[in-house]
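Asks: Sequence:
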Amino acid sequence: MSDHGFEAVIGLEIHAQLSTESKIFCSCPAKPPAGRSVSEVKVNANTCPVCAGHPGSLPVLNHKAVEYALKAGLATNCKINLRNWFSRKNYFYPDLPKGYQISQYDKPVCENGWLNIETKAGPKKIRLKRIHLEEDAGKNVHMAGFSMINLNRASVPLIEIVSEPDMGSAEEAGSYMRALHAVVTYLDICDGNMQEGNFRCDANVSVKIKSAKELGTRTEIKNLNSFRFVEKAIDYEMSRQIEVIKAGGRIVQETRTYDASKNITLPMRSKEEAEDYRYFAEPDLLPLVIDPARVDELRLTLPELPEQKRARFVLEFSLPWYDAAVLSSSRALAEFFEKSAGILSSRGLDGKAAGKSTANLLIGEVTRLLNEENIVIGESKLVPEHIADVVQLLEEKAVSSTGAKAAISAAWKSGHAIGTIVERDGLRQVSDSAVLEPFVEKVIAAFPDQVAEYKAGKVKVLSFFIGQIMKQTGGKANPALIQELIKKKLS
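For what it's worth, this note's numbering labels the leading residue of the sequence shown as 1, then goes sequentially.
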C-alpha cells in the first residue's frame, strides 16, 4: 500500500476446474488424454450437441462433479446445502454457445466456510461465502483481424470459490490463493495447473480511508493465473485507486485485466451486477438433493489436509513451523519430503534428524532451482533417492555443504545417481589431516596480521582462515577438521 492513510478491502473468486473424466452436463471428455496437453487436442473435437448448445439438447448432471464440490466444501468447513439447484446466468459472449451459462446463484451447494492462512503477522481466518458448481465457457482464439472459437472447454466442470472481503493486502490474497490451491490438489479434485487455466482467480479490490465506515468502489481484475500475478496486480490496483482518490477523482466500478509485461491493470468493461444476468432456475435440471449419509461417507474419505500435515511435520520431525508450512504447501513437495525422510529412516538414520536435514535441502537448494525454472518438483529430474543420498553423505561428512549443493544441481540437470555424480565431479570431502595440513600451514604463513589478531583474542578471525582454505581446496575440505588443525597450529 502506497499510503498509510488508506486501507484495502480484497475478496477473491477462484475457479477450480474439476478433474472429472467427462464434462458436467454431457459425456464429452473434460480433459486431454494422458500425456497430452490441451493444445494437442484437435479443435472442437471434444464437443456434442449438449455442450455446443444445440436447440433441444438436454443436460444431464455429472454426479462425480457434485462429489468433488462436496469434498471442497467439507475441507473448507462449509455448510452443505442438502437441497440446491442450478440457474441460468444469461449473457452474450461468442464462446458461450447457449447464450447462457448453467451455474448456481441463490442456493449454492456449499456456503459459509473458512480457511486459515499464514501471513507475516501470523495466522488469519478467511471466510468463504460460497462454493458453487458451474460449467466453463469455450475459448476465443484471436487471430490477425478475426477470431475463432474452440468449444473443447465448454461445459467443463468448475467450482467457483467465493471469499468474503477479508483480505487487506496483496500478500494475504496470495497466501489465501496458495492455501486453496493446496487444498484442491490435496483432495485430488483439481490438478491445479495454472498455466492451462485450471486454477484461476478474479480479484475484487477496493480502497478506503481508514477512518471511513463505508467501503470504497470495487474493481474486478479478471483471469489471474499465477500467485505472483495476483499479488502484483492487486498491489498495482491498490496504488492506482489511491492515486485517483488523492487527486480528487472517482473510482469507476468496472472489470479490468492485468498486463503482466507492463505490470498495470487496464479497463475491459463496466462491471455487471447479478441482476444484469437475469438469473432464473434452470428448467432442464431437477433440484439437486444430496443424501446426508453420502456427505458423511465423503467426510471419512478426506485425506490429511495441508494444515493437518503441517502440524504433524512439526510434531513428528521437530521442524520449525515455517519449514513445515513450506513443505506442506504443495502436495507433491510434501510427498517428496516424506519419501526422502522415509528412505533415510529405513537406512537407520534417526527420523527427526532425517526430517530436518531433508527439509533444509528442499527448502534451500531445491526450492531455489524450482523457482528459477518456475516448475513443480514432479516436473524435475530429482527423485527422493537423490535427496536421501545427499543427506546420508552429509551425515557421514563425505561431502561438504558446497559439495551437496553441487551434487543436487547436477542431479537436477541429468537425473544421474548422486554417488556417480560425487565421484565423477570430485565432490567427495577431504577429511585426511595429512592432506589438509599443508594448506593450513600455507594460509597461516600468508596472513601474519590475522595470526596476530587471533593470538590477541580475536577468535572470529578463525572463520577467515577456514574460508581461505576452503577456497584453495575448491570447497572440498572438511570444515570441522580444518578448524581443529588451525587451532592446533596457532596454539
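Incorrect hints may have been included.
[Claimed, not checked] Listed next, the in silico DSS-like pairs over lysine-lysine satisfying Cα-Cα at most 27 Å (straight line):
#, residue 1, residue 2
1, K79, K124
2, K442, K488
3, K339, K356
4, K139, K232
Keep in mind that the hints were calculated from the coordinates and are not lab data.
Asks: Each hint should be assessed against the structure and marked as holding or not.
Replies: Right, here's what the structure says about each hint:
| no. | hint | in the structure |
| --- | --- | --- |
| 1 | K79 / K124 | holds, 20 Å |
| 2 | K442 / K488 | holds, 14 Å |
| 3 | K339 / K356 | holds, 13 Å |
| 4 | K139 / K232 | holds, 25 Å |
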